[in-house]
Structure formats: structure tokens, C-alpha cells
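Trainee: Chains as they are written, first to last, in the numbering used here: chain U, 1 to 202; chain W, 203 to 663.
Straight-line C-alpha distance at most 30 Å; calculated DSSO-like pairs for lysine-lysine:
hint: 1; chain 1: W; residue 1: K358; chain 2: U; residue 2: K128
hint: 2; chain 1: U; residue 1: K31; chain 2: W; residue 2: K293
hint: 3; chain 1: U; residue 1: K104; chain 2: U; residue 2: K183
hint: 4; chain 1: U; residue 1: K78; chain 2: U; residue 2: K128
hint: 5; chain 1: U; residue 1: K91; chain 2: W; residue 2: K561
hint: 6; chain 1: U; residue 1: K125; chain 2: U; residue 2: K78
hint: 7; chain 1: W; residue 1: K358; chain 2: U; residue 2: K125
hint: 8; chain 1: U; residue 1: K103; chain 2: W; residue 2: K349
hint: 9; chain 1: U; residue 1: K91; chain 2: W; residue 2: K556
hint: 10; chain 1: U; residue 1: K125; chain 2: W; residue 2: K322
hint: 11; chain 1: U; residue 1: K151; chain 2: W; residue 2: K358
hint: 12; chain 1: W; residue 1: K497; chain 2: W; residue 2: K224
hint: 13; chain 1: W; residue 1: K300; chain 2: U; residue 2: K31
hint: 14; chain 1: U; residue 1: K87; chain 2: U; residue 2: K121
hint: 15; chain 1: W; residue 1: K358; chain 2: U; residue 2: K87
hint: 16; chain 1: W; residue 1: K349; chain 2: U; residue 2: K104
hint: 17; chain 1: U; residue 1: K77; chain 2: W; residue 2: K322
hint: 18; chain 1: U; residue 1: K27; chain 2: W; residue 2: K646
Restraint-style ranges between C-beta atoms, simulated for each label pair:
hint: 19; chain 1: W; residue 1: E294; chain 2: U; residue 2: L37; range: 23 to 29 Å
hint: 20; chain 1: U; residue 1: K151; chain 2: W; residue 2: E617; range: 23 to 29 Å
hint: 21; chain 1: U; residue 1: F26; chain 2: W; residue 2: E617; range: 50 to 56 Å
hint: 22; chain 1: U; residue 1: D192; chain 2: W; residue 2: D545; range: 56 to 62 Å
hint: 23; chain 1: U; residue 1: Y55; chain 2: W; residue 2: I600; range: 30 to 36 Å
hint: 24; chain 1: U; residue 1: N169; chain 2: W; residue 2: Q533; range: 30 to 36 Å
hint: 25; chain 1: W; residue 1: D545; chain 2: U; residue 2: N169; range: 42 to 48 Å
hint: 26; chain 1: W; residue 1: L488; chain 2: U; residue 2: D124; range: 52 to 58 Å
hint: 27; chain 1: W; residue 1: N291; chain 2: U; residue 2: T32; range: 25 to 31 Å
hint: 28; chain 1: U; residue 1: L37; chain 2: W; residue 2: K275; range: 46 to 52 Å
hint: 29; chain 1: W; residue 1: G573; chain 2: U; residue 2: L41; range: 24 to 30 Å
hint: 30; chain 1: U; residue 1: K151; chain 2: W; residue 2: A257; range: 34 to 40 Å
hint: 31; chain 1: U; residue 1: E65; chain 2: W; residue 2: F292; range: 37 to 43 Å
hint: 32; chain 1: U; residue 1: H79; chain 2: W; residue 2: F314; range: 18 to 24 Å
These aren't lab readings, by the way, just hints derived from the structure by calculation.
Every value quoted in this text rests on a predicted model; they were computed, and no experiment measured them.
Cβ atoms here follow ideal geometry from the backbone N, Cα and C, with glycine treated the same way.
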Amino acid sequence: MKKSSKSKYKKHRKKGKETTSKYEVFKRPSKTWFGFLLRNLLIGIVFFVVFQSLYNNTQSYKWIENVFFHENYNFIKKHRNFTTDQKLQAKIGYIASYLQFIKKHTPDSAIILMPPDSIIKGVDKRHKMDWLTSKRHATYFLYPRKPVYQKNPEDSVYLKKVTHVAIVNKFGYQYLPFRVKNKVAFTVIPVDTKKIGRYKKH
Amino acid sequence: MSYLGIIIAFFLGVSILALIGKFSLLEFFGFSFPIGMGAITILMFLFDIIGIGIARNSLLWGIGLSVLALNYKLITNPGDRLRKFRTKNFKEFFFVGKFNLVWLAFVGVILFLLAGVTIKNLYWPTAASDSLSSFDLYGKVIAAEGKMMNSLIYEKRVGWGAAYPPLYALSLAYSYIFGFEMSKIIPALFFISFVFSFYALMLRNVSTLGAIIATLFFMASPELYAQSAINTTSVTQAMYGSIGIIAIFTWNNTKQNKYLLLSVIMLALNGWIRSEGIVYIGAAFLFYAYISIRKKEFVKPFLFLIATALPFILWQIYLKAHIDLMDQFVQVEINILPNLDGDYIMRILRGAGKSFYHKIYYGITIYVFYGAIVLNLIWLYLKKESLITLIVVLLPLIAYLVLLNQLVLRADSIEGIMRSSAKRFFFGMITLMWYYSAQVYPVKRFFTAIEVYLATPEKTK
Numbered sequence: 001m002k003k004s005s006k007s008k009y010k011k012h013r014k015k016g017k018e019t020t021s022k023y024e025v026f027k028r029p030s031k032t033w034f035g036f037l038l039r040n041l042l043i044g045i046v047f048f049v050v051f052q053s054l055y056n057n058t059q060s061y062k063w064i065e066n067v068f069f070h071e072n073y074n075f076i077k078k079h080r081n082f083t084t085d086q087k088l089q090a091k092i093g094y095i096a097s098y099l100q101f102i103k104k105h106t107p108d109s110a111i112i113l114m115p116p117d118s119i120i121k122g123v124d125k126r127h128k129m130d131w132l133t134s135k136r137h138a139t140y141f142l143y144p145r146k147p148v149y150q151k152n153p154e155d156s157v158y159l160k161k162v163t164h165v166a167i168v169n170k171f172g173y174q175y176l177p178f179r180v181k182n183k184v185a186f187t188v189i190p191v192d193t194k195k196i197g198r199y200k201k202h
Numbered sequence: 203m204s205y206l207g208i209i210i211a212f213f214l215g216v217s218i219l220a221l222i223g224k225f226s227l228l229e230f231f232g233f234s235f236p237i238g239m240g241a242i243t244i245l246m247f248l249f250d251i252i253g254i255g256i257a258r259n260s261l262l263w264g265i266g267l268s269v270l271a272l273n274y275k276l277i278t279n280p281g282d283r284l285r286k287f288r289t290k291n292f293k294e295f296f297f298v299g300k301f302n303l304v305w306l307a308f309v310g311v312i313l314f315l316l317a318g319v320t321i322k323n324l325y326w327p328t329a330a331s332d333s334l335s336s337f338d339l340y341g342k343v344i345a346a347e348g349k350m351m352n353s354l355i356y357e358k359r360v361g362w363g364a365a366y367p368p369l370y371a372l373s374l375a376y377s378y379i380f381g382f383e384m385s386k387i388i389p390a391l392f393f394i395s396f397v398f399s400f401y402a403l404m405l406r407n408v409s410t411l412g413a414i415i416a417t418l419f420f421m422a423s424p425e426l427y428a429q430s431a432i433n434t435t436s437v438t439q440a441m442y443g444s445i446g447i448i449a450i451f452t453w454n455n456t457k458q459n460k461y462l463l464l465s466v467i468m469l470a471l472n473g474w475i476r477s478e479g480i481v482y483i484g485a486a487f488l489f490y491a492y493i494s495i496r497k498k499e500f501v502k503p504f505l506f507l508i509a510t511a512l513p514f515i516l517w518q519i520y521l522k523a524h525i526d527l528m529d530q531f532v533q534v535e536i537n538i539l540p541n542l543d544g545d546y547i548m549r550i551l552r553g554a555g556k557s558f559y560h561k562i563y564y565g566i567t568i569y570v571f572y573g574a575i576v577l578n579l580i581w582l583y584l585k586k587e588s589l590i591t592l593i594v595v596l597l598p599l600i601a602y603l604v605l606l607n608q609l610v611l612r613a614d615s616i617e618g619i620m621r622s623s624a625k626r627f628f629f630g631m632i633t634l635m636w637y638y639s640a641q642v643y644p645v646k647r648f649f650t651a652i653e654v655y656l657a658t659p660e661k662t663k
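Kindly produce the complete structure, drawing on both the sequences and the hints.
Mentor: The following block contains the structure:
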């Protein structure tokens with residue numbers, strides 16, 4: 001057997017044919033389109049099986065599918081026509097809607113007295129109002145209006161110029177120079193009685 | 203009008219790229235926006251310094267004149283430029299990879315993931331706390347008031363982000379100036395550019411199949427993918443830093459100077475978005491110095507360092523010049539004396555380890571990286587170049603940990619930072635790990651062999 005293969009080899013050499021290893025076929029592209037398709041299908045299946053098992057055995061890539069894709073796209077599909085304000089409300093909750101309400105009912109030049117942290121932290125946790133304690137977060141929604149806080153020394157210059165009071169959990173009415181009969185939980189009220197008109201309930 | 207702003211940012215990037223060398227269409231697509239946007243933010247900053255308002259008209263004039271200046275040769279001698287373009291190798295210009303069906307399937311998955319993150323970006327307004335209180339808020343007010351030293355700074359109405367180098371905040375301001383209601387187009391375009399840039403550079407270093415698989419896994423690192431849909435600096439900085447490093451590797455492998463210049467630009471902009479970008483600048487500098495000194499070129503490394511660190515230095519000077527106002531936003535100080543507190547160092551290392559081995563954050567990245575090192579052990583021993591590449595890939599990570607150790611924190615504890623922020627610090631390193639894993643000799647060879655096996659039939663004469 002050995003002898004015969006050797007003699008075949010010599011025969012090829014004598015004829016001047018190029019010697020190739022039996023694996024040579026794997027080192028070259030296919031000669032036909034059918035072979036190309038077959039090879040691609042074969043390697044494609046191998047890759048698919050490898051990646052599928054990788055996907056099934058790691059939490060991380062599933063997280064992309066479940067959290068990133070499904071949760072988001074179901075929402076986007078349902079609420080395609082939401083305005084930016086509505087999207088913000090959906091994303092960060094009641095605080096967005098409250099601050100948008102304040103923005104809508106105050107002029108650009110408004111200086112708004114915000115409640116102290118203790119009051120904000122006392123609001124029902126489901127409302128997620130914690131960001132209201134931060135002047136920066138409040139400013140994001142209210143700019144160019146100025147939310148001012150008694151706790152911040154740099155705001156002290158504005159405290160005498162307050163034009164509106166943000167009412168949170170019925171707190172803030174005591175800063176108004178007039179008495180309010182119908183005390184609603186969340187709203188914004190101008191300090192100047194002439195500008196009151198009919199304040200709205202949020 | 204809003205999209206005009208984006209188009210001219212692209213156009214400025216294309217003009218800069220065309221000046222530094224002949225790039226492929228894919229490279230133009232990947233690098234144009236980050237470079238164009240980066241250049242515009244420098245222009246905005248210069249406007250601010252010399253007292254020109256940052257507004258739509260001033261920007262249109264500034265960008266328009268810059269584009270004219272960059273295309274001066276094309277305008278004065280269009281015939282010559284067109285002749286050169288005609289003789290250019292079109293096949294090379296349009297090359298996006300060697301075609302096979304497996305590659306096409308990967309391209310499909312990548313485009314699907316890109317579409318997913320882009321839709322999410324464009325649908326949701328900014329809702330991340332850091333961005334609401336810092337970058338997006340600052341960008342909004344820069345757009346409204348036309349200056350960086352605006353009411354937010356004077357009245358302390360903005361977060362720590364105001365003291366960050368201003369590339370990101372100014373990019374967001376740019377989107378508002380051109381009339382976008384939300385600024386999320388900016389992170390969307392940065393992430394698309396990141397993926398295309400990475401793939402384009404990988405193509406210069408490894409086979410098409412290796413490049414596309416590395417691209418898929420780097421972009422699908424869950425935490426990086428998720429953070430690309432929120433409006434913060436981390437992913438964008440990872441792009442500038444890691445692409446800068448990969449570009450300098452590409453320059454070393456291909457000996458084409460355009461990649462060195464590309465690296466300089468990307469690294470410079472990386473220091474223009476977050477100050478810790480110096481860790482990438484440092485790693486690239488050491489690599490470049492090593493190559494230059496072997497050629498007995500002693501001045502070039504310093505020119506490289508100056509060019510890459512210039513925007514970072516510029517920003518530090520700006521902060522110092524406005525120290526009375528800006529100091530309140532500076533989150534950290536750097537301790538020059540080495541902090542040798544072993545317990546503190548261990549807390550940093552533990553935090554970093556928790557990020558790297560977290561079940562979700564980076565997927566299989568770290569394990570593939572280890573695997574690549576093991577596979578490459580013989581070449582690490584035999585080939586010095588291979589070892590140097592590994593060292594340079596690891597350097598930013600080591601430098602980052604050293605930097606964290608030297609920080610004097612004003613706002614948070616080191617545990618807090620390692621718990622909540624560290625996962626974002628390592629995005630650039632994750633990208634470099636995928637680059638390294640794909641280019642080690644055995645992996646490169648393996649994917650090249652598969653690629654040949656899968657190639658389209660050769661034309662027979």
C-alpha cells in the first residue's frame with residue numbers, strides 16, 4: 001500500500017504535476033457557486049450553534065434582549081405618538097409632570113420658592129419626587145425660571161424676590177401673603193395677589 | 203434646519219480626514235462625525251474665549267470658513283484633485299470586507315443592534331440623572347445664552363459635569379442651537395461612528411471575518427450597549443480613547459502616516475471630553491516613544507505628546523483662569539505624592555474586579571481576552587511586538603487604577619465610585635481587549651483560514 005502511493009506520487013512528479021496536500025481543498029475558495037453556498041451554510045450552522053449556546057448560557061446577552069429590546073420596544077410600539085413631555089413623564093414619573101405643570105403656569109422670569117427636603121422626602125414614595133430636592137434637576141425642567149431653595153446660601157439673594165411658591169403635599173401656603181381656602185396638594189401659586197387669577201390644581 | 207447642523211459636522215470631519223490622507227468610504231463614515239463634532243466644539247470654545255456668542259449664525263460662518271480653508275486646494279485647483287481622485291483605487295475606496303454569507307449574517311446582526319440603540323436614543327429624551335443635572339442641562343443653557351460662563355455657573359445650578367472638558371456639553375448645545383428638541387441625536391451618532399470606526403480599523407489589522415466578529419462582541423458588551431443609549435460622556439470617551447490607540451497600532455502595522463495623524467486627533471479629542479483621557483494619551487505616547495527611540499527619533503514623541511495633550515491642557519488652563527467660579531464644580535483633586543495605602547488600593551482593585559467579572563456588564567469579554575493571551579503565549583515569548591501590544595492594551599487600565607488611587611475625592615467615596623461609576627470607566631479597555639483578542643496570531647490565522655474557505659469562487663481564466 002505504501003509502495004503504491006509512493007509510486008503514484010513519483011508518477012505525478014514525472015508528469016510535472018504540482019504536488020498538493022490532501023487538505024489543499026480547504027485552503028482555497030470553492031470553485032463553484034454551489035460549493036460556496038454549501039461551505040457558507042456549513043460554517044454558518046457551526047457559528048450559529050456556538051453563538052446560540054453562548055447566548056443561552058450567559059445572562060448578559062439575554063439581558064440585552066429582555067430588558068433593552070422587549071421592554072423598550074413594547075413601550076415604543078404602544079406609545080409611538082407621545083410628546084417629549086409625555087415620554088419624560090413615562091420615564092421619570094410624577095416629578096416630570098409636576099415640574100412641567102409649574103413651567104406651563106409660570107412666566108420665564110419666575111423665581112419659584114421650592115419646599116424644604118423634609119417635605120419632599122415625605123411625599124408618597126411612588127411619586128419618586130427625590131430629584132425635586134436638587135436645584136440642578138429642577139432647573140433642567142424649569143429653565144429659564146429659577147427654582148430657589150432656602151437651604152442653599154447662594155439662593156439667599158433671590159428669597160426676597162420670589163414670585164411663585166411651589167406647593168408640595170400642601171406645604172408652602174404659609175409663605176403666601178394671603179389666605180387660600182381650597183388647599184390642593186400640588187400646585188404653584190404666584191405671590192402677587194394681582195397675578196393669581198384662578199390657580200390650577202395639578 | 204436641524205439636520206443641516208449634523209450634515210455640516212460630517213462635512214467638516216470629511217474635510218479634515220481628506221487633508222490627512224486617503225481613507226476608505228467606511229473610514230470616512232466612521233471617523234467623520236466624531237472628528238467634525240470635536241472640531242466644532244473646539245471652535246465653539248474659541249468663540250467663547252474671544253467673546254463671540256455661540257449661536258447658529260456664528261457657527262455657520264465659522265464652520266463654513268473652516269471647510270473652505272480645509273478644501274482650499276480643491277477650490278483653487280479642482281482639475282488636479284479630480285484627476286487624482288479618478289486615478290484612485292476605487293475598489294479599495296469602496297472596500298467594506300471580503301464577501302461571504304457568514305460575514306453578511308454578522309453585518310445583519312450588527313445593523314439590527316445599531317438600529318435598536320438608535321431608535322431607543324431618538325425616542326427617549328434624556329433621563330439619566332448625571333446628564334439631566336450636568337451635560338444636557340449645561341448644553342441647553344449654553345445654547346440659550348450663547349456662552350459657557352452662563353447663569354448656571356454663576357448661580358451654581360449645574361452639576362459636576364460643568365468642569366468636565368467641554369466636548370460633550372458643547373456637542374449637546376450644538377444640537378439645541380440647530381433646533382433639535384432633544385439632544386439624543388448626538389449619542390446616537392457617536393455610537394454609530396464608534397462601531398463603524400472600530401470595524402474599519404479592524405479591517406486594516408485582521409481578516410474581514412475576525413473584524414466583524416470582534417465588532418459584534420465589542421458593541422454587544424451589555425453595559426456599553428445600554429449606556430450608549432443614555433446621554434453621558436463614557437461611551438463617547440471610550441470611542442475617542444480606544445480608537446486613538448487602535449489607530450496607532452494600525453499605523454505601526456501598515457506604516458501609513460494617516461493613521462498616526464488619526465490617532466493624534468482622536469486622542470486629543472479624548473482628552474477634550476474627560477480629563478482621565480490622559481491614560482490613553484500616556485499609553486499611546488509610550489508606544490510611540492518606544493518605536494521612535496528605536497529609530498533614533500527623539501523629538502517626535504514629544505511633539506506627539508504635545509499634540510495629543512493640547513486640548514486637555516487648554517481646558518486645565520481655562521479652569522484655572524476661572525477658578526473662582528469653576529472650582530465649585532471640580533469633583534476631584536489629584537494627589538501628587540503616591541498614595542501607598544494598601545487598604546485603599548485593595549478597595550479599588552476589588553471594585554474593578556467586581557466590574558470585570560460582573561455577570562452582565564461586559565459579557566464574555568474578559569474570558570475571551572484571557573483565552574487570547576493563553577493562545578498567544580508562545581508568540582508573546584518569541585515576538586517582542588506581540589508583548590508590546592499586550593502591554594499597551596493593558597496600560598490604560600493600569601493607569602486608570604493608579605489615577606483612581608491618586609484622586610482626592612470631594613463628592614463621593616471610593617467605594618461609591620467603584621460601585622456606581624467604575625463599570626463606565628472601562629469601556630475603552632473592553633474595546634481594546636476585543637482588538638487584542640482578534641489580532642493575536644492564532645486567532646487571526648484561524649479566521650483568515652475560514653475566510654479563505656468561505657470566499658466566493660475565483661474567476662478562472
